[in-house]
Each structure stands twice: as C-alpha cells, then as structure tokens.
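2 protein chains.
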Amino acid sequence: MMLRQPLRYLHRFVKVQRQSAKQVDLLTTRVKQDAEAREIICRAANTDSSSSEMSPLETSEQSQSSGRGRTFWTIVATMVPVVVGVLGYEQLKRSGTATVTASLPQYAIEDVMQHNNTETGIWVTYGTDVYDITEFVDSHPGGDKILLAAGHSIEPFWDLYTVHHKGEVKEILDSMKIGQITLVDRMRLANRTKHDPYEKEPARAPVFRVNSLKPFDGEPLPHSLIKNFVTPNSHFYIRNHLPVPEINIDTYKLEIKIASKPAIVLSMEELRSKFKKHTVMATLQCAGNRRAEMSEHKNVSGSISGVASISNATWGGARLRDVLLYAGYTEDDAEVKHIHFEGLDNDIAKEPYIVSIPIEKAANPLGDVLLVYEMNGKELPRDHGYPLRVIVPGVIGARSVKWLGRILADSDETLSFWQTKDYKSSPPTPHTGCFDFRDAPPIYESPVNSVVCEPEPGEVLQPVDGEISVRGYAFSGGGNSILRVDVSADGGKTWHSADLHAQEQTPYRTWTWTLWEIKVPVLENSDKVEIMCKAIDSFHNVQPDSISGIWNLRGFLNNTWHRVNVSTTSNDNQ
Amino acid sequence: MMLRQPLRYLHRFVKVQRQSAKQVDLLTTRVKQDAEAREIICRAANTDSSSSEMSPLETSEQSQSSGRGRTFWTIVATMVPVVVGVLGYEQLKRSGTATVTASLPQYAIEDVMQHNNTETGIWVTYGTDVYDITEFVDSHPGGDKILLAAGHSIEPFWDLYTVHHKGEVKEILDSMKIGQITLVDRMRLANRTKHDPYEKEPARAPVFRVNSLKPFDGEPLPHSLIKNFVTPNSHFYIRNHLPVPEINIDTYKLEIKIASKPAIVLSMEELRSKFKKHTVMATLQCAGNRRAEMSEHKNVSGSISGVASISNATWGGARLRDVLLYAGYTEDDAEVKHIHFEGLDNDIAKEPYIVSIPIEKAANPLGDVLLVYEMNGKELPRDHGYPLRVIVPGVIGARSVKWLGRILADSDETLSFWQTKDYKSSPPTPHTGCFDFRDAPPIYESPVNSVVCEPEPGEVLQPVDGEISVRGYAFSGGGNSILRVDVSADGGKTWHSADLHAQEQTPYRTWTWTLWEIKVPVLENSDKVEIMCKAIDSFHNVQPDSISGIWNLRGFLNNTWHRVNVSTTSNDNQ
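Protein chains in written order, with this note's numbering: chain A, 1 to 574; chain B, 1 to 574.
Some hints here could point you the wrong way.
One copy or any two copies: either way a pair holds, since identical chains are not told apart in the list.
To be verified - Here are the computed lysine to any residue pairs in the SDA-like style, where the Cα-Cα straight-line distance is at most 25 Å:
| no. | residue 1 | residue 2 |
| --- | --- | --- |
| 1 | 493 | 563 |
| 2 | 200 | 257 |
| 3 | 257 | 165 |
| 4 | 378 | 462 |
| 5 | 493 | 263 |
| 6 | 493 | 546 |
| 7 | 298 | 381 |
| 8 | 214 | 261 |
| 9 | 261 | 292 |
| 10 | 298 | 494 |
| 11 | 177 | 106 |
| 12 | 170 | 378 |
| 13 | 277 | 241 |
| 14 | 337 | 502 |
By construction, these hints were calculated from the structure, which means they are not laboratory data.
All of these numbers come straight from a predicted model, not from anything done at the bench.
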C-alpha cells in the first residue's frame, strides 16, 4: 500500500525533462570546473544570516545574473560540504542509527564528494546513508536544482523546500540507496548544531489555511476572503518561496543597473524623497490558486492551494518607470528588453529569488508597475516584502518580487530557475514524456477566473423562497475588467447573472477583482445542489468548462468553471 | 410543415426586448412630433444616389449624432410616404393581384399613415396588403428599427436588409394582415420605378462563400483562407452592413470634430501629405465568425457565418492619434472619452453606420489605430472602405469603420443602433425573457480562438504512418499572441502541440493571427475521426470546451474548441 504513492510519483515525472539531459551535463561540467575555484572565494558570514554556520557570502558578490564573473555554481561547490557536515550529523543523532550496517558498502565523505557529475555518477547523502541519484536527476520535479546537492547531503535542501519531508519522497530516495558513510566520517560531523533557515519567520495571524509551512504558503478561508473589497494586511494571502529575510532598514540599499551603464544605489529614504508616491489598487493572485481542484483531476507538483490564494490591496510607492529613467534608462535603449527583479531572500546556496518581466510592461506609463513600501496605508509587512517589493498589476503574484534588492535592465529575461523552469504551463498531455519547461513561455498575465466563496463545499443550506445566496470573486489579469458572472444551480441548464461590485477603473487598467453575489433558484426535488460559476472579461474571454483541457504538470492557472457541492434542507416557504 | 419555421422564429424572439417598450413609446412619440416638421426640410436628391426617386438628404444634415437639431426621425417621416408609393405599386405589378379582395377591409394610404405609434396601433404595408404589427414590435430581432416603417411600406427595409426576403419572415407578416390598400390609392402609386439600393455594388472575385448577398457578407473557403499569411485583397472576407457607397475622391472630405471645438475637414490629399504614413499588419475578424456552429446548438439571429470570416492584411495610413492631436485633441481633455466613427454608408433613412471606441484605445500610441488608405500596398478597394477606413487592431471588425466620413470625439459612446443594440453579447440563458441589449457592454477586443481549416468537415483522408495532416489558424484580440495550439484526434484524450507560424511582434501588440500545422496520430480501429483544436494566448486565456456556456442571442464570439469530423481510409502502411 505504501508503495503506491511513490510509484505514482515516479511514474508521473520519470520521463519529464528527459530532453534537459544536455543541460544537466553542461551544469555538471560547470560545477566541476567551478569547484576548483572554491577556496578562492570562501568568505566570512554576512550579517543577514548571523546565526548560520554555513559561511554564506554576500548576495551581491555571487548573483548568477550580476555579471561579475563569479557564478552561482562556484558558491554551491564551496558551501555544500560544510552543510553536509552540519546536517548529516544532525540526522544521525535524530535517527539513532549511528551504527554501520555491515551488509552495505561504506563510503568516506570524500568518496561521495567525487560523485558530483554524470560521468562519475551523482551521489547524495541523507543522514548516514548514501544514494546514487544519477538516473533520477532528469525526472526530479524541482528540475536540476537537485544538482546543488551533487556529492553532498540532500537535507539542507529538504529543509528549505520542506515539501520533501514526507514519506513518499523518502521512499523514492530509499529506492536509490547504495551504502553508508563510514563511522569515522560520521564522527567528523559531530559537535555541530543544525540551523533552521525558517527560524526568523514573522508572526502570523491565525487566519490562514496553511498550504506549506516552510516556505510559508497560506490563504484565508474563502468566506473570510470576500468580507472586504480591500483585504486587510493581516488576511492577505502569503506565498513565499524561501525564508523571509531580516533586513536592516538603516543599511538597506536598492541597486539599479541599466544594461551596460554603471549601477546606482538608493536608500529607502532616497526612494521616498526622490520619487513621487503613487498609489494603485491591485489584486494579486498566485499562479497556483485553485491547484487543489486540478490536482484532484490528476496529480500536479506544487503546494496544494485552495481557492483563496488571491487578495486585493492599495499599494503605495515609487513608479518603476520613474526609477528606471532616473537610473539612466531611455525609451530608445535597444539594449533593454527585460527588467529583472532580485529578492533578498536566498536559498541554501545564497541564490536569490529572481524573475523578470518584459520592458513593455515595466516601463509602460499605463502599466502601473510600482516599487512599493506601503500596503493599505501602512508600512509594508515583512511577509509582504519589507522594506520594498515590486507590484506588477494584472500579472501573477510570482513577478511581484518581495524584499527587492536589485533591479537589472537587460537584453534578455533572467536565466534564474524561477524564470526558466518555474511559473510556466505545459500542454495538458505532455504525452511524449519529454516536455521541457524551457520551451514554454513564462506566465505573466493571468486569465479570467471566478470562484464561489459562499457557501463552501459540504454546507447544508435552507433555501429561502426557493433560492440560495451565493457570493464570490472574479478576476482577470492584464488590466481586464469583469463584464458578467454567470451562476447556475441546475447543472448549467440555466445561468443567472450576478450583481457585481467593482472599483471603477480606466479601460485596460482594471487591476482589481470584482466581488459578486446572487440569489439562485434551486430545484425543488433535490437535496443535492452543485453550484457553478463562470465569468466573462472585457476581452470577452471566458472560463473553460472542465479541467481536462488545461491540466498542466505544475497545476498553474486553474480557471475552469468553479463548482461547489452543497446540500439543501426543505424550502422554508413550502 | 411550413409553419414550423416561423413559429420557431417567433418563439425565439417574442419575449426578447419586452423591456424596451418604454423606448418604443418614446421613439413613437418622436416620430409623431417630427412628422409635423416634414415639409420644412424636404429637399432635392443629392449626388450619392442620383438614380433614386426618394429625395434623400445630405448625410451631414440629418445624422442623429450630428447634434444639428434635425433628427433622424424627421427624415424618416419625410421620406417614407414617397417610398411607399414607389414600392407599393411595384409589388402590386409583380404580384399581379391588382384587385380588391372583397372580404378584407380597405384602407387609404392616409389611413395607414395615421397608424404610426402605439396609441393608434402600428401599421405597415407590403405590396397591396396592410398589417398591424403593434404587438410584434417589441420582439423584432432587428430591434426598433422596424419603427422606421410605422405607417408606411416595409419593403424598402426588406430590400436593404435582405435577410427578410424569405418565406418564413413573410409568413410571420401574413399572420398580422388586417386589410388591403384601396384600389384608388393603388393607382396613385403607378408610374414609379423601384430603386435597388445594392445596384452599385463592386464586382467581387468568385472566391467567397456568400452568407448574405445584400448587404454583402462573404468569406473565402477555409483551405483557401490559410494559403497565405497575408490574405490577398481579393480573398479578404467582406462583411458590409449597408450598400457600398460610391464616393467621389475629388470632393471627398473627412470631418473631425473634437468635443466642443470647431470641426475641421481634411481632403485625402491632406491626409496623405500632413501625416506620416504608418503600416500595421493586423488581422480582422468578424464578431459573427463561427456563428454557424453556435446556431446549430440553438438558433441565433444574424447571417450564418462559417469559420473564415477572418483575414490578415498590411494596412497603410495615418495614425488616428496624430489626426486627433492635429484636430485639437489633447491628452488632458477630460471631455473626450470615446471616438465615434461615422461611415458614408447609409440606410434607407440616410442613417449612417456609426460605432465608437474608447479613447484609451483610440489615442494610445501603442494602440496602433490607423486611418487607412492602403491595403497590402494597394489602394483600398471599395468593398474594404475606399477611400478611407479605420483599422482598430485587436478589436472585432465592426469597429474598423469603412468609407469613413466623420470622426467625433465625445464624452460618451455613440447612441447609434450599431453601438447600443448590436455587437453585444447576452447571457447564455436570458431566461427571464427580457434581456435588454442596452444593459450589455459593447464588444471590442475578441477572445482567443482557433480553427481547423484543413481538412474540412466530411473529407475522407488516408493516414500516412498512422497520422493525418491538420492545418488552421489561431487568433486572439487585444494584442495578445498565441502561445500554443493543441490538437486532438482521439476525443481529447491526448493533445498534440502544433507548429506555429507567426509574425514576430512586440508584447501586447500582436495584431496578427498565427497559422499552424501538425501531423496527428489517429486511432487504428476507427474510420471516423473528430479533430479538435484549441489555443492558449499570451494572457493564458483558453477556449471554452463547449457552446452551451457561451451561446448568446446574436451568435457572437464563438470561440469553443473547434471540431471537424472526417473519415479515414485504411492506413497506407498497414
């Protein structure tokens, strides 16, 4: 029984990204080459992670996209052995298995470290055990990020992306076990304490359904979500990708680099004083909103979001366009095609969260992209990017980078994992078994969507005059407004147009959601009701009827007709 | 048997627009009041319709939206009695029934003319017969345009909108017959010749499937449509609303009026010399494209278009923005919210075709709206708007007004029939029986769409290596590009991504379609294949699975998965 889950897991991904083997080779070679440089750039810990023993380097020195010559992979090769030491022994202590199993081969840590590319084979450790994951790399749902652990412990990554900490994932790993670390080396790992990268997370109101604790991914309950047109800061959905960084406002600087021009830096004080403050009301929606329904159709990867990974706020800050122009951008600059946003949130290898958007959105005076320091008139909360974040209205939340550290205007999109491998859609049946996410365009604007928030599934309702009350939200990306929301309680035989509550906005610049409500007649002779809703936006785009045609590997952008099943008691007027 | 059709026709519309009764009353009152002024403004014929005996007035004197005091209805009241005379006798001659049927009441033409509002009842004539259509007015599919004929002959309107010339419509009319015109009055109508408003149509290449002859609505055959990325002028679909006007280029003037500022006029020579010529490649698509499929689901009104009411061309002309600025428009002009485009094509009452678009599209430097005098490098053909038309890229063809005579920048949209009653969508089940099109927003940008053009339905194909070749187009309005086209030949179990052929364009400004092709595997053990296609656009909007959720009274914007049923012979490799 226990095997079913991991088998399904394997079956699902084993052929995905087969095509990316070439890139894996390339990256592996780079790891090998860069490993030789590892002594050169190892440095003392920086202030951001003062409790860490992992000797992290300063972000600005190591960014893959910084163009300063030192690659991300150099850092990985430098740091990971230390991490192996720290965490391997911790696991050893936890598991209580600090003995050697005689029947399995014994490997020194140095042996493991030699196996860091496809030629030698790719080995990792977990606790005291050694695994050969060479064959698995191509099918890893998280892409080739797994290569960060090549020759080292996998555990720091599992602690960062805690989705791995479940039985089925460990079972997959166990199927690749080839031996154990020698007893001598286990002792070398002693006397270290484990660092939890999430120990400095902010306090959160107890209002969220938690989809993932580390990194935090939480959404309010549906009925609570639509209580306010403007979501209170405490209830605004949170979807972090990495630990929330601690940022010292006194030393904080935003770096802005326009192509080949020299970079400039701005303090928060300068950002506030040099640029006019603009306020824009905008709804953010996670690309994974409604993933749970898609996952029910067929498994997807990613945290299983409900229907409330969406919220609406008024954002205050400087206009990105103004800051770009100040930093030297000109509209006729043919060099500049994409704007990269680099967060100060780092992964285990100090790789920051980076994504980019096209210049046509970033610098458009009608695009309303802001560098935001105020959320609903208050200082931006830590969970939402303190002290500075981007807001890209009409675009999936993932592009509205929090804890913004650096802006780069470049001729191409960023090559970061988050840009090139994540936040992309796949065909509904990648049947050839080799879908390469690099072939898919990034998701920016999101399609028209609508959701029933009240009642919630399973509720028992008493119709009044043969009708039940239904409420929800609708939203469309790209500045499109909602023209109509249709609601049915008889399987789509009849549709009723809901009353809409929206913010008046300029055509093509409607960045906010629409809340709606309606009383819908229910059939008299049935105590089971399926409520359905669907919206139409100002481009007259509509929601698809069913999931089969839009299902995708990562479970993004589920915008099918929303269906909620409830029961009814007898009509009170009968 | 013959009754079935008219009954369905009546059943379909009888309750629609019940709510507009108020407006009917209002208009009827206006007709009555304005009739008193009829002698004042009757004038000699103008040059545009020199063969007509109907004493038409100059367009600029009578436009409903011209704000010059004389209303459209004044003209109607003035002109229609003459028309009655002309056409009533013609019909009498055609039918050979120039005798009085003793069993029916006899009415003088003056009697009929008294019945021109809801208080007196609304009567019309057809041939020698008199009809009381009072009860029918609210349910007329063409809206209250039918009131133009109140008290007069219906025939000039049927000759203009020739969709009426079919048995089922005449049967509906006959059900409302109340009498005949007196023999004396029939003689008064003698010695007149009938004017066909369509007698000056341009010659057309014999390449069209004709959806309507008068006004002309024709589209190329699907396989011919996708032969070229840029459609040759001779094959570009044509959808006219009224007769093609004959325009004298030497006397042609474009009038531009910016709100309360004085109007300016420009000759073609001035338009060409004063403004930089821009070229934009843009696909136009009729809002009624694919109406035939929607009509099969449930009857709709409008000419029954196939899948090829779409074409792509390179347009050359002045930028609308430049012309607006030249005429006195300024970006901070709070008076200006909509730009009206008035064609020189007139209906029987000399009411021109008028629609409008929001200023945010019209004056946007990135909106690429042009005043066009060249189509694919050649002089604009008469059928496509010679000498000048508007091109509104990314928006349904109806807004790209042909034979442009006047531009008005106003604080509101035009109140024309075409803007307020046509080119709008309704909910899929307007079940309350009283959907008022005035409540629906106008259609501007069109949603994502895709169509299989090869093979065509019913073809018999021989698979090669178990595959069949499929080709088609995809298009999305609003400047959105096509990211992917999925094709299935097994009922949607598996989807295959087609090869796309598109024009490289700037993000948010992709105004052209995408052509696509693919070889799709077919099941071995079946000789019936349903090919399906669906596209996803750059906002990640998708096509809906089925028609039931998007069906609407006028059959607009059918963008469901396209399905083509074919047969296959045995595989040639078996």
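Against the structure, the hints come out as follows:
1. 493 with 563: both (14 Å within a copy, 22 Å between copies)
2. 200 with 257: So residue 200 and residue 257 fail the 25 Å test inside a copy (30 Å) and across (64 Å) alike.
3. 257 with 165: neither (39 Å within a copy, 69 Å between copies)
4. 378 with 462: neither (41 Å within a copy, 68 Å between copies)
5. 493 with 263: neither (60 Å within a copy, 52 Å between copies)
6. 493 with 546: both (16 Å within a copy, 13 Å between copies)
7. 298 with 381: neither (36 Å within a copy, 53 Å between copies)
8. 214 with 261: neither (38 Å within a copy, 63 Å between copies)
9. 261 with 292: neither (45 Å within a copy, 57 Å between copies)
10. 298 with 494: Result: close only across copies, 14 Å inter versus 29 Å intra.
11. 177 with 106: within (12 Å within a copy, 103 Å between copies)
12. 170 with 378: neither (43 Å within a copy, 69 Å between copies)
13. 277 with 241: neither (28 Å within a copy, 49 Å between copies)
14. 337 with 502: between (34 Å within a copy, 20 Å between copies)
The structure does not agree with the numbered hints 2, 3, 4, 5, 7, 8, 9, 12, 13 stated previously, though it agrees with the rest.
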